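Undergrad: Spelled out from the first residue to the last, the chains are:
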Amino acid sequence: MMTLTEYRYSDVVHRCFRCGYCKFPVNWIDVNNCPAYARYRMESYSTGGRLWLIRAWLNDEINWTEHFAEIVYACVSCKNCVEKCPLRFNIDIVNMIVAAKSEMVERGLVPSTVKEFLENVQRQGNPYGSSRARRGEWSQGTGVEQYQGQEFLYYVGCVGSYDTRARQTAKTLASLLHKAGLSFGVLGKEENCDGNEVKNLGELTLFEMLAEDNITQFKALGVNKIVTLSPHSYNAMKNDYPDYGGDFYVYHYTQLVQQLIGDGKLDISGGFNARVVYHDPCFLGRWNEEYDSPRRILKAIPGIELVEMERNKAGALCCGGGGGNFYADFLSGSENSPARRRVREARATGANILAVACPNCMTMLEDAVKAEDLEDKLAVRDLSEIVAEACGTE
Amino acid sequence: MAEILVVAEHRRQTLADVSLQMLSKGRQLADQASAELLAVVIGRNVDGYAQELARWADRVLAVMNEKLGESLAEPSQKILTSIIKERKPSLVLMGHSSFGMDLAPALAVELGAPLATDCLDLFIGNGSITATRSIYNGKVNAVYSFIPCETLIVTGRVGEFPIEDWDKQGEIEEIDFPLEEEFNYKQFEGYIEQEAGGVDITQAEVVVSIGRGIKDKEHIELAQQLASELGGVVACSRPVVDYGWLPSERQVGLSGKAVKPKLYLALGISGAFQHVVGLKGSKMIVAINKDARASIFSLADYGIVDDILKVVPLLIQKIAALKG
Amino acid sequence: MDPLYQSLAKIVGEGHVSTQTEELYIYSFDLGTTEPHRPDCVVAPRTMEEVQEIVRLANRDEIPIVPLGGGLSLAGLAVPFRGGILLDLKRMDTIIEVNEKARYALVECGVSQGQLTSYLERHHPTLMHSEPGAPPQATVAGNLAIHGQGDLAQPYGFNSDMVNGLEVVLPTGQVCQFGSCSISAGWFTQHPLPDLGLFLGWAGTTGIITKVSIRLYPRKKILGAGMFVVEDEELVPEIIYEITHTEMAQDVVSFSQAIPPFSSGLHHITINLSADSEEELEFKQKMIWDDALGEYIRRGDGGLLGFARHLQRPQVSKTSDWRKGGGFEYVGAIMPVERYPECYRRGREISERHDIPYTVLGRVIGMSHAMMFSWTYAFNRADPETIRQAREALHESDDLALELGGAIWKPGLYGQKLVMERMDPNTLDLMKKVKQLLDPNGIMNPGNWEVA
Amino acid sequence: MDIVTCIKRVPDTSDADIIIDASQREIEGDTLAFKINDWDEYALETAVQLKETLGGSLTAVTVGPKEWDDVLRRALAMGADKAIRVDEDMITADSYMVAGILESLLRSLSYDLVLFGAQSEDFGSGQLGIMVAEMLGVPHVSLVVSLQVQDGIARVKRELEAGALESYTIELPAVLTVQTGINRPRYISLSGIKRAMTKELQVLSLSGLSLSQEMLAPMVRLERLETPPTGKKAEFISGSPEESAEQLAKILQNSGVF
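Protein chains in written order, with this note's numbering: chain A, 8 to 401; chain B, 3 to 326; chain C, 939 to 1390; chain D, 4 to 261.
Certain hints may be false.
What follows is a set of in silico ranges between Cβ atoms, one per label pair, in the way DEER data are often shown [stated by the list, open to error]:
id : chain 1 : residue 1 : chain 2 : residue 2 : range
1  : B       : Q34       : A       : E73       : 54 to 62 Å
2  : A       : E312      : D       : G242      : 29 to 37 Å
3  : B       : K262      : D       : R198      : 47 to 55 Å
It should be emphasised that the hints constitute simulated quantities derived from the structure, not laboratory data.
No experiment lies behind these values; they were computed from the predicted model shown.
All C-beta atoms in this analysis are idealised placements derived from N, C-alpha and C, irrespective of residue type, glycine included.
For reference, chain A alone in the conformation it holds in the complex:
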């Protein structure tokens, strides 16, 4: 019945035993490390449940329903399962789920918020459906230059360009890079979606188009080095764009800022007095194994006491915002929502600052802090904002 695409994993998908290792972090502290399972606590929402349901759908044992689609789309591509599954096909778990999403995309059968997300990207180049013309608005009054052959292209991404809170982060990072004397420019309203979430929502052809368009544009402008605000952009550009001929030097800003501090280009002696806990973004951590740069930055800043949550690095709990879910939003509405679990865990360390390095995590966790009524105890700050304060630019 696979009329549209050949399901690439039909010889693998039945191999999941549903042993449940994928529900745990690296140790066994908590059975709630799969964001979807943590939220719903039904076997159907666990990774194994999802794979079994996908197989049942492909075998015509169950029909497509809105609920089924929501179960599949409740996977936010955090890769905890890939990290935990003891079996050899583990590297394909997220791929198997994305392939099922892709099948739904091809059949036109996606939940309404996913449909909106993808149509908005098709039409306006961002998931919010905001006008393309507004994409550069965040930089108004900052003096940030349009990219024209500077050393670095500063790629901001959709969330940094449109989300009110993330726009502040985008600005702060720009001022920080400026202070460090870095030669960089932005694309403003010429910037387009990076496609990372589009890919994880299963719209692979749209992703290809975005990747190809971006690569063509970057090459035409002579781009060689890219620094991204979002780990999601970083992931797509570093790992996927080369498949389409896009060979650029791609940095997540934490990697660059760490280097700039090391080179003495940023003077952080102003310090930052706080007990800080760092939340690993999935697309920097598990997807790209970058656990150290952000921590090195925090350790270097005078006045910071860096603490860790019990679930950290490869065992970190996702904020629930990956795979487009910061918009599609299948995991909110409960104290069991991963973002709310995560801020409770952060608060339990006694930290008063929850440091993030991703605009998606920022919006998810900041909302969760409010929902948990922790605003006077725990503030969510982007690493760039913490560094900027230590540099005295804020």
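Position chains B, C and D relative to chain A; hints supplied.
TA: Same frame as chain A, but now just chains B, C and D:
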């Protein structure tokens, strides 16, 4: 200017408000242009309606036929064509209601008359008529003129023209219209009331209404909490019903219900007129919307420009705190 | 809307109950070869009170109710054979108390083995519980309901021998506590009150365990395992006797498997050791390798394959991928250790007859009073023929276990029938009376342990 | 059963600043993105579902310049077998003219059912479908929210005011205009659009249709565009979500809401 003709509509023994709105506008125009205002009402038994219409109209044509039932669009088209051809009114007015939407375009084609639908306003000057319509999501108004013609047909936006009180005591002319045509190709099967789910939003003192900005059905619980805190009910705009997140009995607006609460709290509602028309009776309107340019803000008493998912949880807390 | 759904939603909240196809589908399956059966409703309570309300409702309307923990028993013990309510207990996952000095932990029924192990490691590093070989999402309480054994079985016996107290919701909705907790706040002992042990080993057919206090044991600083390999299966029972005689070993397991081929036919005896100091470790090692096993090594009957620190837990679910197929099931039987050679030979024959790479394992229980001997059969979930083969092999293994004088552990329906056919009629009759007394409407996990 | 669905392309004005250009008759279009009219998407989904259950053909039709091909491609990707574009920029036309063109085109096609969106997002006149029905001399129902077809008869429910519906049976061929919410239009993937590139898209010129000169002159003319008068403006409560929530709560309390 010759006559101005207003087509009155009624359904299930009730004369539509929009007909009185159109009569009020027609009255103004007729007085301005020294024209006669004619109302036409069609049905099996329309005496009562005719009396009512005569308060505005100089003359009421009460067109009756035993064969006329509940569904009147097609017979009305035949009857009106005949009347209009005979009397040549310079302007035919009716409401842009489900009745008018079905009837006016067909009538215009049959008569070869120009048609402007869903108009916000009408002007007569220098012997010609211009009509104003709202386009592009209410962001632009367009002014239209018409080629010289015997009769112009206009439908007016529901709720846009206030009902003004008149007591014209116009003359009522009963006409027994012979209907030869049968309309067998289209059979009326009855009315369907939406399921009664137990919540009557029209009687609520506080209405917490959600729109597209709620983003996910999971979040409706938030609105429900806020409504409980304020002792109100949850209502919604059309997209929420279209997505299947709330039953249609909760819909406020043209195709939904009209509400008249003490407080109407519009959450993530942009303010399309089809919605707004249902909440105009509210004493106090508060809107929360991310988009500062949303048209709901031109109607609201108070506005907050922000994400409802951020503000509403806090609002619930604050209200609870103030209540002690 | 379904009235059952509505009643249950009132008890647990809408998010924790489902009558939708997707949940009914997933919860219809056991992970082994048992045919699926759909429940009418899946519900995940958070508190004992919610369980109580659900059970009262089920009992009033005579709706079957099937409790589920980690769902890893594999023998179809939590399959809703008669439909009804599937009760997923994993949300009840609070570790209520760890009493370090009295060495016990009081947990809710949904607490997983992994969660407890990890909690103890972080907060009570000198204590451990007897964690079974199942994946870490297996629950502590579920394991008691099937008389499980863990990695302290060798010195201390079955996990169900380690219970200090129980809280149970009876099929009629009353809540009972057993042990010292029934007369005081302390959950430190089950004995010496009159014995009411009506729930352990009953696979959820007599009530729903909602809280359990289990014993904890000393956890030493250094953990390690040695592996001793012999070719002759006849030697395994006496080697185990020698090892257990030293009283130095924790877990002692002998296994043999077809994969990888170079070690097929060999018997690997793993011996877990723990110590608080290098001296203690050295002493224990010497006792085992030199005193107990030295003679076998000298004769060339067997060899030490090495000793590893930082014990890695075995990941049994890997067996599921042997036929690239996501499935395995095993028959476990409690056997005298001396039966090891026959268990191995006959089991290997069954496997080979059904084209399945053989895997057998004997875990020593309680100073080698017995062993849990398992015959494991992998299958390919996508290939019905391999499932059929595995199912046949399992039935043959049930027959074999009884033939060799063993008792089948957590038998499925086929094994239960065999056991009940052989059981002393008076005992069987008593079982029936107990069941009728506790569960007059027969709502609890029907199909399982039904005395005809 | 043969179905024709008439669709149009509209600017996405939900988040855009609409700027009236110097002529005061058009809006500035260079920053606008375009899309298929929302109502038409529901009409198409209705048609595709009917075709999936009853078989037959589905033709998507539009009247517009070359750029409008993109909405036809979407229609083809959704499940239309064939698309026809009458190549004419109708920006200064009235509904009557477009209806005339469609009438002429439809007379050359085989159809049992013609579906329109009940109105358009941009101009929102809600006239076109009914005009075409009248010109063709076939029965019509507007604002359809439910549709079943069996044995040449359509059973429809039509939306009235105040949440009520009315139901009809209507003989085919007929013209229906579809209201939003009748179904959930499927997502059109980019690869679906690419695959649809192989389907037939026919372009006709006006001269290929037999139209009288009279039909090609508008009866309704756009005089000018205006910025709508700003109504009473809300009093804005500003600050962080926390602050604005606090203020609003106090306002509600002071107004005696609680």
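Undergrad: Provide an ascending list of the numbers of those earlier hints which the structure does not satisfy.
TA: none
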